[in-house]
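J.: Counting in the working numbering, the sequence shown runs from 170 upward without gaps.
Hints may be right or wrong, so weigh each one.
[As the list claims (entries may be wrong)] Straight-line C-alpha distance at most 30 Å; calculated BS3-like pairs for lysine-lysine:
#  : residue 1 : residue 2
1  : Lys-209   : Lys-226
2  : Lys-242   : Lys-198
3  : Lys-198   : Lys-209
4  : Lys-222   : Lys-209
5  : Lys-222   : Lys-245
6  : Lys-245   : Lys-209
7  : Lys-242   : Lys-209
8  : Lys-198   : Lys-226
9  : Lys-234   : Lys-222
10 : Lys-234   : Lys-198
11 : Lys-245   : Lys-234
12 : Lys-222   : Lys-242
Since the hints were derived computationally from the structure, they do not count as laboratory data.
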Amino acid sequence: MPTYTSLLTVLDSLSIPYIPFSVSGHALKDDLLSVASQIKSHEIIPWHTFNPKNYGKILTNLRLKVFHPEYGKSYKV
């Protein structure tokens, strides 16, 4: 795997500008809901949220099936 320095060298040799940027890695709520609606999965587990019950209600209102796992309980997938 090339190192960062060799990547910059290759880009420079090909006259490809390197433009640094960053993203937070987090999505907006409306974007997540849009993706959830489009995917049409069989079941959604609200995860990585401070309020999974509230998020689950919103998903249910979109006619999506939501599953809330219980803390400490094991499940078979």
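J.: Hints first: check each against the structure and report whether it holds.
T.: These are the hints, each one checked on the structure:
1. Lys-209 with Lys-226: holds (16 Å)
2. Lys-242 with Lys-198: holds (28 Å)
3. Lys-198 with Lys-209: holds (17 Å)
4. Lys-222 with Lys-209: Roughly 20 Å separates the two Cα atoms, so the pair holds.
5. Lys-222 with Lys-245: holds (22 Å)
6. Lys-245 with Lys-209: holds (21 Å)
7. Lys-242 with Lys-209: holds (26 Å)
8. Lys-198 with Lys-226: holds (13 Å)
9. Lys-234 with Lys-222: holds (13 Å)
10. Lys-234 with Lys-198: holds (18 Å)
11. Lys-245 with Lys-234: Holds. Lys-245 to Lys-234 sits at ~18 Å (cutoff 30 Å).
12. Lys-222 with Lys-242: Measuring from Cα to Cα gives roughly 17 Å; hence the hint holds.
In terms of the numbered hints stated before, the structure departs from none.
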